[in-house]
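Trainee: One letter stands for each residue in the lines below.
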Amino acid sequence: MSEISLSAIVAALGGQLHGDGGLQICGLASLESAGPNHISFVSNPRYQQQLVGSKAGCVVVGPSLSGAAVQRGFCIVTDQPYLYFARLTQLWRATVRSARPPKGLAGAVIHPSAVVDAEASVHPTARVGALCVVERGAQIGAGTELKARVTVGEDCVIGARCLLHSGVVIGADGFGFAPDGERWEKIEQLGAVRIGDDVEIGANTCVDRGALQDTVIEDGVKLDNLIQVGHNVRIGRNTAIAGCAGIAGSTTIGAQCTIGGGAVVLGHLQIADGVHISAATVVSKSIKKPGHYTGFFPLDDNASWERNAATLKQLHTLRERIKKLESEPKP
Amino acid sequence: MSEISLSAIVAALGGQLHGDGGLQICGLASLESAGPNHISFVSNPRYQQQLVGSKAGCVVVGPSLSGAAVQRGFCIVTDQPYLYFARLTQLWRATVRSARPPKGLAGAVIHPSAVVDAEASVHPTARVGALCVVERGAQIGAGTELKARVTVGEDCVIGARCLLHSGVVIGADGFGFAPDGERWEKIEQLGAVRIGDDVEIGANTCVDRGALQDTVIEDGVKLDNLIQVGHNVRIGRNTAIAGCAGIAGSTTIGAQCTIGGGAVVLGHLQIADGVHISAATVVSKSIKKPGHYTGFFPLDDNASWERNAATLKQLHTLRERIKKLESEPKP
Amino acid sequence: MSEISLSAIVAALGGQLHGDGGLQICGLASLESAGPNHISFVSNPRYQQQLVGSKAGCVVVGPSLSGAAVQRGFCIVTDQPYLYFARLTQLWRATVRSARPPKGLAGAVIHPSAVVDAEASVHPTARVGALCVVERGAQIGAGTELKARVTVGEDCVIGARCLLHSGVVIGADGFGFAPDGERWEKIEQLGAVRIGDDVEIGANTCVDRGALQDTVIEDGVKLDNLIQVGHNVRIGRNTAIAGCAGIAGSTTIGAQCTIGGGAVVLGHLQIADGVHISAATVVSKSIKKPGHYTGFFPLDDNASWERNAATLKQLHTLRERIKKLESEPKP
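Quick note, the sequences are listed as chains A, B and C, same order. So for the first sequence, my numbering puts the first residue at 31; every next one is plus one. So for the second sequence, my numbering puts the first residue at 31; every next one is plus one. So for the third sequence, my numbering puts the first residue at 31; every next one is plus one.
None of these hints come from the bench; they were simulated from the model. One or more of the hints may lead you astray.
A few chain C residues that don't get close to chain A, going by computed Cβ distances all over 10 Å [said to hold, decoys possible]:
| hint | residue |
| --- | --- |
| 1 | Ser32 |
| 2 | Gly44 |
| 3 | Asp50 |
| 4 | Gly92 |
| 5 | Gln120 |
| 6 | Gly211 |
The calculated lysine-lysine pairs, modelled on DSSO-like cross-linking and capped at a C-alpha distance of 27 Å, are [to be verified]:
| hint | chain 1 | residue 1 | chain 2 | residue 2 |
| --- | --- | --- | --- | --- |
| 7 | C | Lys353 | B | Lys343 |
| 8 | B | Lys354 | C | Lys353 |
| 9 | C | Lys354 | B | Lys343 |
| 10 | A | Lys360 | C | Lys353 |
| 11 | B | Lys353 | A | Lys343 |
| 12 | B | Lys343 | C | Lys343 |
Quick look at which bits of chain C chain B covers, simulated, 3 or more residues with Cβ under 8 Å [unchecked claim]:
| hint | region |
| --- | --- |
| 13 | 106 to 114 |
| 14 | 195 to 204 |
| 15 | 233 to 244 |
| 16 | 326 to 333 |
| 17 | 341 to 349 |
Beta carbons are placed, not taken as given, at the ideal position from N, Cα and C, and that holds for glycine.
Please put together the full structure from these sequences, using the hints given.
Mentor: Structural data, given as structure tokens:
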């Protein structure tokens, strides 16, 4: 099957269809690029203009845009159009894309090239991709998928319905050493990693095993690519972290947080639930109140930056000079 | 063959030789470390001193240094000595180094340990290294080389003469989720990745597949190691990006740009052609004009940094205080 | 064996035991979570309160806390309790954990799934994990372990007693290109990587091969996960670098340095011995004196950050305004 009718979409996902249910949809597209056999969506009323100008065969909209949408052409009205669209991508993958049946080795539940230790436990409904390594004592939960080239280290536990992308490393040693004169003595990392259900972990992201207890990723957490999660970290339910972020050891991050790309959270901190950290921000102390926190140097043309950066190193002195001016007798 | 004569070099690469073409060269080296059977180069007239003092058997120089170079000893004069040197490294690899013939499995065009889907397409002149994964529908172009342990995901297309280093992941899912109350609903990533010709991608770098359309890397782009390229990004021709940089989703970067190591470019931005971003800089808004842009906190000794950083949080107040002082009556 | 007696611990590691040597220890734990069959440690006198309240069967302490520790219960007194604890984790792994013998393929010295070139040299006491790639001319030293999915490129040398975690890439090409009009000409990277003894390298970290000479990691260096080390870099003895840091090409870092997570060290710099760089700091010039250096934008709530960041772009102007105020005639 390479297309799906509007009726079939509404039958599967709900929503109020305005238009001909027999219209065959052959793809999902943005408002700008959609053609008469595409379905698109708009969730933000600010995009009414683009909605009106779109050539999409059908548009998924919320109630506030339904008037404009009906005037334009076919539409599906739903309370949460973005969420509806997310489910539509899943429907698309499950029906239209799956029409291309997996052939050969790629369709195996445990790919024959994967190295799964005899003492690891892989749920019969889990999938382990090509060239993965699942070490002794590791557990892979129901419906979880490891894409190609994933490592799950000794005794690490992955919950149900997780998706780990290519290159992920779960359970490498945490970075722990005790100084011994000039050299470092290794602290063996005796904990493991426990990952809850419905967690997604992006390509080449690393989650280290704990020193004594386990590193914990709670249910519903979403980690993007190339993220470092240090030993003994705990990340709370449904927190989402964007690419290239680093969470240093023994930090606890609450539930329902978002952390922007390239942010660095130092070690041994406590971040409350509902905290939102901007991209490229350094979190150097615990955050007790929910809210939106930021800290990065604003971009400038290089010459202006050089001037301001040089002055910045005298900022404390400037404050002293202002203080002095303020204390001078006034006329 | 473990050496090459100056005549053979000039025959292959051009340039004006001053000296004995019969001299056998056994290695390339920097001015400081070169000996009488090494060839070196200097492109910047500021290094005339080092040129004069070098023990190199031959030095590649530009016209402005040819006088000093001829006085010193053997040299090859060429308009672009740095480019000449680049080509010399290629000649070296192709002739001297290849004298060591590949043996055993390492010489196979598709390494037998690689997992290449029956529905993937690998050009007969491409090379796929050990333990690579090339998924269904992927295409690998003419003369392209995947080093060991590279993943090219479903339907992703790699052009001709590309070089992908070990650990690269092309076509993991973009980071897309719609909020559904407290949890996240996955947006299936239905696009792929399209990579042009003559692209080099460094170790463990990730390029995510697009949500609806493809993520695109144009011809001649050079990406260093451990870079994250989000979904729906487009990177223009010949742009070069240094290690640990992150490009967030749906951003378009122009042609002939350079982006320094560890820089973060936020999502949904437009960066013009010919923009140069310094290392560790955060790009938080679109850049319409070519130029050199910077934004990172200047290094200081820790005590000074602490003082200035604390004052920085009152900067707005300081401005108000200056304003007030300025508005006070003058004597 | 799943437990070990206090006597056996002291017999192996020394220290002065106060208490019953026959007590069987079944685990290592923090002061807070330890129970009567756990051993814990405390090195900082500030934690005396937690020591006194701990339910641990035995606590490792330094001389300054020995009084409080003896009053509380069993303890081992030693000059360097943190170092003692590190060695205890090693004893634990070597005795208690190894009671679970490796079974099947995971116990092989060179895992059969690894791809080791016939011209590579692996010491008989080294271990090469599942799905590793060791290329032609590479050398792996005595007692060194490559965990799963590590790449060691052509001619790269790893010393003795090293530990390379999953996903590490040693010897990908350095990022070197000469401009040729609008395009880039590749500079073949003809050097290799030389890694000393007792080096640990974290998951998915990359160390690039040199352009002409080798990239060098000296003895005792510890690198965390997802670190980028550019070509021609030299990292001195016992230096430790935390996750997500990037060291650009041709930089030399001294011995006994520490570099925090996410720090960026630009290229062609010299960093002295004994330099400590804070996390997320950008090092943009050479550092000649040992000391502690920092440079990152302090975190703030987003609204305050926006105000201060906007003012920051006028900082130079503010300084001029202060200067002007200072030069005005006083009453």
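Trainee: None of the hints should be skipped; say for each whether it holds.
Mentor: Outcome of the hint check:
1. The Cβ of Ser32 of chain C lies farther than 10 Å from every Cβ of chain A, with a closest approach of about 13 Å, so its non-interface assignment holds.
2. The non-interface label for Gly44 of chain C is consistent with chain A: the shortest C-beta to C-beta separation is roughly 14 Å, beyond 10 Å.
3. Even its closest Cβ contact with chain A, about 23 Å, leaves Asp50 of chain C beyond 10 Å, as expected for a residue assigned away from the interface.
4. Interface exclusion of Gly92 of chain C from chain A stands, the closest Cβ pair being 13 Å apart, more than 10 Å.
5. For Gln120 of chain C, the condition that its CB be more than 10 Å from all CB atoms of chain A is violated, with the nearest at approximately 5 Å.
6. Every CB of chain A is more than 10 Å from the CB of Gly211 of chain C (nearest about 24 Å), matching its label as outside the interface.
7. Our distance criterion of 27 Å between C-alpha atoms is met by Lys353 of chain C and Lys343 of chain B, whose separation comes to about 22 Å.
8. Annotation: proposed proximity of Lys354 of chain B to Lys353 of chain C holds, straight-line Cα distance about 15 Å (limit 27 Å).
9. For a cut-off of 27 Å, the pair hint linking Lys354 of chain C to Lys343 of chain B stands: about 24 Å separates their Cα positions.
10. Only pairs whose Cα atoms come within 27 Å are accepted, and Lys360 of chain A paired with Lys353 of chain C is accepted, the gap being roughly 18 Å.
11. Only pairs whose Cα atoms come within 27 Å are accepted, and Lys353 of chain B paired with Lys343 of chain A is accepted, the gap being roughly 22 Å.
12. Distance check on the hinted pair: Lys343 of chain B and Lys343 of chain C sit about 14 Å apart at the alpha-carbon level, within 27 Å; holds.
13. As drawn, the region 106 to 114 of chain C meets chain B at 0 residues by the rule of a beta-carbon pair under 8 Å; below three, the given contact is violated.
14. Evaluation of the coverage hint for the region 195 to 204 of chain C: fulfilled, as 4 residues show C-beta separations to chain B shorter than 8 Å, against a requirement of three.
15. For the region 233 to 244 of chain C, the stated coverage by chain B is satisfied: 6 residues place a CB nearer than 8 Å to a CB of that chain, which reaches the threshold of 3.
16. As drawn, the region 326 to 333 of chain C meets chain B at 4 residues by the rule of a beta-carbon pair under 8 Å; at three or more, the given contact holds.
17. Using a Cβ-Cβ cut-off of 8 Å, 5 residues of the region 341 to 349 of chain C lie near chain B, which meets the minimum of three, so the contact claim holds.
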